[in-house]
Structure formats: C-alpha cells, structure tokens
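Q: Using the sequences plus the hints, can you model the full thing?
Just so you know, the protein sequences line up as chains A and C, in that order. Reminder that position 151 of the first sequence reads as 151 in the UniProt record's numbering, one-by-one numbering, no gaps. Reminder that position 18 of the second sequence reads as 18 in the UniProt record's numbering, one-by-one numbering, no gaps.
Everything labelled a hint here was simulated from the structure, so no lab data went into it. Some clues are possibly wrong.
[As the list claims (entries may be wrong)] Result set (DSSO-like, lysine-lysine): computed pairs, CA atoms no more than 30 Å apart in a straight line:
1) A:429 to A:440
2) A:429 to C:283
3) C:10 to A:15
4) C:122 to A:153
5) A:15 to A:355
6) C:343 to C:122
7) C:10 to A:355
8) A:2 to C:282
9) A:395 to C:346
Being a predicted model, the structure only gives us computed values, none of them experimental.
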Amino acid sequence: MKQSFYGGVHPNDRKEATRHKAVTPLGAAPQQVVIAMSMHIGAPCKSVVAKGDHVTVGQKIGEIAGLGAPIHASVSGTVTAVEPRPYPGGNKVMSVVIENDFQDTFGSDLTPHPDYSKLTADEIVEIIKEAGVTGMGGAGFPTHVKISSGIGKVDTLILNGAECEPYITADHRLMLEQGERVIGGARILMQAFGLQSATIGVEANKPDAIEHLQALVGARADVHVESLRTRYPQGAEKQLIQRLTGREVPPGGLPAHVGCAVFNVGTAAAVYDAVVEGKPVTHRIVTVTGDAVKEPCNLLVPLGTSFQHLIDEAKGFAEEPDRVLTGGPMMGIAQHTLEVGIIKGTNAVLCLTRKEAAPIETEEVCLRCARCVNVCPMHLTPVYMHLYAGKGMWKEAEALNVMDCIECGSCNYICPGRLHLVQSFRMTKMELRQLAAKEKAAKEAAKA
Amino acid sequence: MNEEKKLRLKVASSPHVASPINTMSLMRDVLIALVPALCAAVFFFGPRALIATAVSVAACELFEWGYRKLMKKSLANQDLSAAVTGVLLAFVCPVTLPYWVLIIGDFFAIVVVKQLFGGLGKNFMNPALGGRAFLMLCYPVAMTTWAKAGTANWAPLGMSVGQDYIDAFTGATPLGADFMHNAAHRLPDASLLDAFVGNVGGCIGEVSALLLLIGGVYLIVRGVIRARIPVAFIATVAVLTFLFPQGGNDRLTWMLYQLCSGGLMLGAFFMATDYVTSPVTKKGEIIFGVGCGLLTVFIRYFGGYPEGVSYAILIMNCCVWLLDKVGKPNRYGVTKEMREAQKAAKKAGKEG
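A: Structure below.
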C-alpha cells in the first residue's frame with residue numbers, strides 16, 4: 001500500500017542552474033588528491049601505501065579495518081604523504097596524498113564480468129566489497145554489508161533517485177546520461193537479493209529522467225520507475241520506504257526490518273561499474289553550484305580533489321561566499337577550509353551567498369506556531385523537544401522520542417522564530433548517547 | 001591564491017536555508033486579515049471605531065517598547081505582535097468605550113499578560129482576551145454599553161462619549177438578555193442577514209460575521225493558521241445549538257443567530273488560533289476547538305454573561321499544556337499491534 005509521508009517542506013529547489021548541464025570531466029586534472037581514509041560509516045580504513053610509493057588508478061590504498069569498504073587511488077602518481085588532513089565531515093582524518101603524474105594509468109585487481117547472470121550472491125557481494133562501493137547518497141553505509149545482511153530478509157528493492165535536496169543535480173544527470181548503468185546496477189542488486197523486481201523512486205521535478213529510465217527498462221518491465229511528489233525529505237530512507245510500500249521502519253530499526261533495502265542510484269551505477277566493468281569507485285559526479293560560483297556545473301571528479309579545485313573549475317567565486325557546504329543546503333555540512341577533498345558521498349559543493357544562506361540569528365523567539373510539528377516527517381514535537389533540550393532535560397526529551405529525529409532540517413527550515421532546532425537535537429542525542437554509555441558502564445561495574 | 005586564503009567561511013549547523021516566512025510576516029498577514037472587519041466597524045459605527053483601534057495599537061506598541069526598554073531586553077516591536085494584540089483588544093470592546101479605559105486594557109494585556117511572563121511566545125493566555133477580561137471586571141457597564149449600528153448612530157470622537165449619546169443611541173446586541181436569558185428567548189429584532197453582515201450592535205470588530213469569515217479564510221489559504229481549531233470550534237457551537245434550541249425557536253434560525261452573533265467568528269478565527277496559547281498537536285488542536293465550543297455554549301446557555309467566547313477561550317488557554325500531552329502524535333514506525341503488545345506486556349508486568 002502506497003502512502004505519502006507526513007509533513008515535509010517545499011523549499012525552492014534552485015536546480016535550474018545545473019539541471020540542463022551535462023556531466024563533464026575536469027578541465028584540468030588536479031595536481032594532487034587528498035584521499036581520506038574514512039569515506040563511510042564505520043571504522044576508518046588502514047592505509048596500505050607509504051610515502052614514495054607509486055600508485056595506479058584503481059589501486060587499493062586503504063584496507064578495511066572493521067566495518068567499512070576499501071579505498072582506491074583516483075589518480076596515478078606518487079604518494080607524497082600519509083597524514084591527518086581536514087576532511088568534509090569536520091575534524092581531521094588520516095589521508096593519503098597523491099601527487100598526480102597525469103598518466104592516468106589504470107591498474108585494478110578486479111576482473112570485469114560483462115555477463116553477470118551466472119554470478120552467485122556471494123560473488124557479487126565480494127566484488128562490491130573489493131570495489132569499495134558505499135552509499136553514494138551521503139551517509140556512506142558500506143554497500144556490501146547492506147546486501148549481505150539483507151539477503152533473505154529483503155523482499156523489496158528500492159533505488160533512491162529522489163534527490164530531494166535543493167540545488168543538487170548529480171543524481172539527475174546520472175539517471176539522464178547514464179541510465180543504463182543505473183538500471184544495470186539495479187538488476188545486479190536484484191540478482192544478489194534473489195528478487196524479480198525493483199523500484200526506482202524519482203521526484204516529479206525530474207520528468208525527463210523518469211521518462212528516460214522508463215524507456216531504458218522497456219519491455220522487460222522488471223524495474224518500476226515511480227514518480228514521487230516533490231517534497232523534502234522525499235529522499236530520506238524511511239520516508240521513501242513509506243511512500244513506496246506503506247511500511248514504517250520501527251524506531252531504531254533498519255529498512256531490512258520491514259523487508260526493504262534502499263540504494264542510491266549512484267550506488268547502483270557504482271555496483272554496475274564494479275561488477276560489469278571491473279572498476280572500483282574512484283570517481284563520482286559532483287554538482288558545483290550556488291549563486292556564489294560563476295558557472296555552476298556537474299563534474300565527474302576523482303576522489304580526493306579539493307573543493308578549491310572544483311570551485312576553480314566553476315570559474316571561481318562570483319562573490320564572496322557566506323559558506324561552502326558539502327551536500328545540499330538542508331543537511332549539508334559547512335566547511336571551514338576549501339582544502340578538503342571529495343569523498344564517495346560528496347554529491348555537491350554548494351557555495352551560498354549571504355543572500356541565499358539563512359542568517360544566523362542569535363535570538364530565538366518561539367511562537368509555538370506548530371509549524372515544526374506539522375512538517376516533521378517523523379511525527380515528533382520539535383517545539384517541546386527544543387524546550388527540554390534548552391533546559392538540559394535530556395531524559396524528558398528522550399520521552400518525546402528525540403532519538404527518532406532524522407535531522408532532515410524541515411522544522412528548522414520552516415521555523416518563523418529561527419530556532420536552532422536541529423542543532424539542539426543533535427546535541428540532545430549526543431548527550432543521551434553519552435548518558436546511555438555511562439549507565440551501561442555503571443551497570444557493568446556493578447556486576448563486576 | 002593569497003586572496004582566496006582570506007575567505008571567511010561561516011560554519012553553522014544545517015539547514016543552511018530558511019523559509020522566507022518569519023514572525024513579522026505572519027503577524028502582518030493577521031493584520032491584513034483583520035482589515036475587512038475594521039472596514040465593517042467603520043461603516044457601522046463610524047470613524048470612532050478606527051480611532052479606537054489606532055489608539056489601542058499605538059498604546060500596545062508603546063507599552064511593549066517601554067517595558068522591554070525598562071527591563072533592558074531587546075526591542076521586539078518590529079515583529080508586530082503587539083499591534084495584533086492592539087487591534088484584537090479594540091475589536092472586543094464597544095465603540096463607546098472611553099479611550100483611556102482601552103489604554104488601561106492595553107497595559108494589562110501587554111505588560112501583565114504578555115511581558116511579565118516573558119514576552120512573545122511565553123504567555124499562557126491570549127493577551128487581548130486577558131485585557132478584555134480585566135476590563136470586564138473593572139468597567140462592566142462601559143464594557144457592555146453597545147452603540148447601535150448605522151450611519152445615524154455614529155458615535156462622537158471625543159475622549160469619552162457623553163451620557164446623552166449613550167441614552168439615545170445604545171441598545172441591546174443580538175445576544176442581549178431578551179434573547180438569551182429571558183424565559184421566552186425572543187429572537188432579536190435584527191434580521192439574520194443583518195447579523196451576518198454586521199448591521200447590529202456589538203463590539204467594534206466582532207459584528208460582521210461575513211467579513212471576519214473572509215479574513216479567516218484568507219489566513220487559512222495563506223497557511224498562517226490551520227483550519228482545525230476554528231472548524232472544530234464553530235462546528236461544536238453549531239451542532240449544540242442546533243440540537244438544543246431554546247424557547248421553542250426554530251432550530252436552524254436559532255443556530256444561525258448563535259453563529260453570527262457575539263464574538264464567535266472573531267474568537268474562532270483570530271483568538272482561539274493564537275499560536276502562543278493554542279496546542280501544537282493535531283489532536284490537541286481539535287480537542288481545544290471542541291472545548292472552546294462547548295464552553296461557549298455552556299456560558300451562553302447557563303452563565304450570567306450573554307457572551308461566552310472570550311472566557312471559553314481563556315479557560316481552554318490554561319489547558320494547552322495538558323492537551324499537547326494528550327495529543328502527542330503516534331510514534332513513527334510503531335504499529336497498532338506493537339502498541340497493543342506493549343500495553344499487554346505492561347499489564348502482565350503489573351499483575352505479575
């Protein structure tokens with residue numbers, strides 16, 4: 001049963017700037033790339049190269065250490081440093097710096113499987129794992145783990161092409177220009193899960209992509225392309241599942257708990273590259289946009305290319321940016337330096353002008369207008385959660401299910417009093433996690 | 001390169017964009033929605049209605065400014081919330097009320113009801129209604145002396161209206177004693193149409209049900225208020241008065257008189273929906289609206305006042321915290337079965 005999710009907001013999508021711009025490779029390859037060893041949820045990778053090593057495109061330079069996916073070199077050249085560098089998630093992480101030799105020599109351990117129909121699920125998972133595929137939509141969950149943990153539980157395969165964040169058109173262009181990779185990836189995933197069909201959800205503001213994908217699927221009709229109402233956060237995992245299947249993921253649960261697996265369309269394309277072409281994840285499409293850049297564009301970018309380089313590719317700043325984000329304006333992370341490199345989940349470099357960006361208000365006046373309650377897709381009451389958070393009453397906030405918050409920012413966006421809602425919920429969640437850890441430790445200590 | 005190093009990038013928590021709607025634009029929309037009713041007031045009661053409203057707005061803004069200045073708080077006049085209070089308070093007072101009484105009401109509304117509790121968003125009662133309740137206690141006669149509608153009866157503009165005018169040109173409102181509290185429950189002289197367009201005696205801004213309705217619909221269409229509270233409120237009054245007409249009157253006529261007279265439309269669309277003093281949850285809003293409707297009818301039927309809307313809303317204002325607890329939305333992802341299982345487990349735990 002299909003069911004629209006509750007609430008949501010409709011910010012100006014501002015996608016016109018790059019909607020019709022084809023994905024182009026970089027005009028000038030970067031001098032050096034800084035490849036962070038943490039491009040996914042889980043433990044950072046251990047670098048397996050050292051200063052002075054020569055690497056080729058696609059060579060594994062980071063090995064899994066716990067939950068994660070390996071990381072590969074995106075350019076060929078010489079490793080000049082292995083040291084902590086700033087990265088888009090904030091902080092510094094261990095990174096491999098490669099000086100580009102501009103030869104782009106390719107060398108990967110993966111073998112292409114143009115006919116994947118004979119591969120078993122385990123083989124597919126292994127290939128995807130070795131290719132370092134992670135969620136390309138932003139969160140970056142290792143794809144091979146999602147598949148292997150979902151096999152047998154999942155009855156519905158969903159591809160996320162909603163791209164509900166304003167400004168970003170990376171997935172849109174991908175579906176439009178390389179739709180066959182997306183559909184191919186979907187079929188490989190179907191095979192891995194042992195399913196006969198899959199659904200791609202695309203927001204209605206991309207009618208050309210919907211039509212194109214439908215034409216590509218053609219008579220086989222194994223992949224359904226569903227047009228979704230343009231409403232943020234349509235592309236949030238839980239909301240997308242709810243829209244397409246009517247199922248609600250239980251609190252603290254995963255999509256697999258309701259028999260669903262959701263992959264970004266970019267992830268599906270990466271799966272296709274890995275299995276059919278034997279290519280690990282070394283590049284991704286990035287939308288460089290915002291009024292602060294001169295020529296917004298969609299670029300095919302080697303991982304580790306600095307934000308500064310991408311902004312130069314967009315002909316530099318038109319005016320001084322107020323802030324530069326990785327990702328969209330609703331959930332993106334503001335950067336303090338442009339030296340950070342692209343990671344697998346970076347779908348956009350967004351340079352907002354002072355006019356576009358929300359002013360940072362110092363005084364909050366809550367009107368109790370209930371807009372936050374009415375837009376919350378997770379059925380929460382942000383106004384009260386914020387009250388408790390402001391008083392440090394973490395437990396009371398927990399009773400209002402603050403832990404269910406997906407930090408989509410809808411409440412914050414709509415708030416006429418400009419309350420810093422998401423920020424305070426992040427803090428509350430952190431405090432609650434620390435409290436829980438403390439309680440757990442105390443319990444164990446009491447036992448011992 | 002050097003130039004770019006000087007970039008001063010702001011780092012803030014997401015989201016990085018905000019809806020263009022802010023407090024000021026919401027309040028401005030409320031003021032716009034009140035304009036039709038003000039026009040009706042000027043048409044029926046004369047320019048004194050306009051002056052009274054202007055005096056009230058000015059007084060409210062002044063008290064707001066003065067209090068916050070005195071207490072060394074940031075000035076908040078630009079958000080227009082005091083202006084809304086000013087208009088609403090003037091609207092629930094009779095046109096013959098001396099200006100100075102109105103100003104006392106403004107003082108009570110802004111300083112006592114609103115600012116002493118922390119200002120916008122913190123008060124637990126609607127300031128305008130709080131001010132009105134205060135005036136009703138202090139100046140009951142002045143507050144219930146209603147000018148007749150019509151050009152011939154326009155009130156003089158002076159500071160206070162003379163006794164000779166009051167003797168000559170004031171009369172009962174449709175909700176007067178004959179109608180509500182006389183055993184006969186005689187229907188008012190004014191026709192239903194008059195009561196609907198506002199050609200009746202009453203408070204400045206509450207007479208014209210039609211124009212208030214237009215303003216209310218404007219607010220709903222603009223997304224400033226949600227329809228739940230006014231619909232629940234008005235529907236409750238309609239159902240109750242339709243089911244229980246008094247004095248052998250025709251059900252429908254009785255109901256329509258009840259809907260069009262008194263402060264029902266003004267209360268339902270502009271006062272019960274006051275953000276600060278109404279629930280934020282869907283269920284809470286509906287209970288709030290129904291509660292307002294019930295209390296309004298009870299006060300009209302069984303109370304000493306002919307008019308119950310303002311007290312009904314004030315009483316429900318005090319229940320908002322509770323209503324929001326009752327109305328807490330169902331947790332996402334928790335199905336009915338899961339809830340029942342949880343309840344059963346709790347029960348078993350108690351018994352065991």
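Q: Hint by hint, note whether the structure agrees.
A: Taking the hints in turn, this is what the structure says about them:
no., hint, in the structure
1, A:429 to A:440, "16 Å, holds"
2, A:429 to C:283, "27 Å, holds"
3, C:10 to A:15, "23 Å, holds"
4, C:122 to A:153, "49 Å, violated"
5, A:15 to A:355, "17 Å, holds"
6, C:343 to C:122, "36 Å, violated"
7, C:10 to A:355, "13 Å, holds"
8, A:2 to C:282, "23 Å, holds"
9, A:395 to C:346, "20 Å, holds"
Going down the numbered hints, you'll see the structure goes against 4 and 6, while the others check out.
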